[in-house]
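Could you build the full structure based on these sequences and the hints that come with them?
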Amino acid sequence: MLEEKTEQPKLPTSAIDRISHQAFDDWFEYPIRVQPHHTDYLGVVWHGTYVAWLEEARIECLRSIGVNYEDLVALGCDLPVVELSIRYHQSLKLGTTAMVKTRMAEVTGVRINWDYAITSADIQELYLTARVTLVALDREKGKIMRQLPANVKDALARISGTTKK
Numbered sequence: 001m002l003e004e005k006t007e008q009p010k011l012p013t014s015a016i017d018r019i020s021h022q023a024f025d026d027w028f029e030y031p032i033r034v035q036p037h038h039t040d041y042l043g044v045v046w047h048g049t050y051v052a053w054l055e056e057a058r059i060e061c062l063r064s065i066g067v068n069y070e071d072l073v074a075l076g077c078d079l080p081v082v083e084l085s086i087r088y089h090q091s092l093k094l095g096t097t098a099m100v101k102t103r104m105a106e107v108t109g110v111r112i113n114w115d116y117a118i119t120s121a122d123i124q125e126l127y128l129t130a131r132v133t134l135v136a137l138d139r140e141k142g143k144i145m146r147q148l149p150a151n152v153k154d155a156l157a158r159i160s161g162t163t164k165k
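Take the sequence shown: its letter number 128 is residue 128 in full-length UniProt numbering, and every next letter is one higher.
Calculated from the structure, these hints are not laboratory results.
Incorrect hints may have been included.
Stated by the list, open to error - The following label-pair restraints were derived from C-beta to C-beta distances:
| hint | residue 1 | residue 2 | range |
| --- | --- | --- | --- |
| 1 | V81 | R146 | 31 to 41 Å |
| 2 | I123 | D40 | 25 to 35 Å |
| 3 | A52 | R111 | 15 to 25 Å |
| 4 | I65 | K141 | 23 to 33 Å |
| 5 | G76 | G43 | 36 to 46 Å |
| 6 | G109 | P36 | 18 to 28 Å |
| 7 | D138 | N113 | 17 to 27 Å |
| 8 | K141 | S120 | 41 to 51 Å |
All C-beta atoms, glycine included, are put in the ideal place defined by N, C-alpha and C.
See below:
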């Protein structure tokens with residue numbers, strides 16, 4: 001008896017599919033080197049390490065335009081991750097140097113989307129693409145804000161003015 005092949009439905013990764021086909025010349029760059037504590041026993045980067053690198057790159061990108069995360073916290077604003085989509089293209093290995101590239105893709109109300117790519121330093125190898133969605137949260141009330149604080153909105157406008165859409 002022959003079994004008929006059925007096509008599996010595609011996962012909703014269209015946002016990260018677009019990233020892998022874009023030039024990276026207008027993205028914030030955050031260099032990394034794979035250390036032993038980033039890897040498993042075979043010297044391959046553990047999948048959770050990539051998430052930490054994405055967070056570090058985003059925080060440093062914000063810092064580069066004058067938005068310090070500790071200042072947001074002091075203002076009572078937090079930017080938690082509410083959605084994360086990652087595509088692993090190939091593994092990073094112990095001792096490898098690479099570049100985490102990030103840019104703010106769009107702001108819709110209080111939702112802030114960030115695109116990411118981790119590439120080799122010479123951009124010849126693509127290791128990972130990702131999209132992260134943040135929301136503005138009132139720390140005291142524990143609720144999503146109705147709108148971004150004015151100073152955060154102004155700072156984010158500086159980023160969006162320097163990136164292609």
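Hints and how they fare:
1. V81 <-> R146: 31 to 41 Å: 20 Å, violated
2. I123 <-> D40: 25 to 35 Å: With Cβ atoms ~26 Å apart, the hint holds.
3. A52 <-> R111: 15 to 25 Å: 22 Å, holds
4. I65 <-> K141: 23 to 33 Å: 27 Å, holds
5. G76 <-> G43: 36 to 46 Å: Because 43 Å falls inside the window, the suggested range holds.
6. G109 <-> P36: 18 to 28 Å: Once the Cβ atoms are compared, 42 Å apart, the range 18 to 28 Å for P36 and G109 is violated.
7. D138 <-> N113: 17 to 27 Å: 20 Å, holds
8. K141 <-> S120: 41 to 51 Å: Roughly 44 Å apart at Cβ, these two residues keep to the hinted range, so it holds.
Hint violations for this structure: numbers 1, 6, all remaining hints satisfied.
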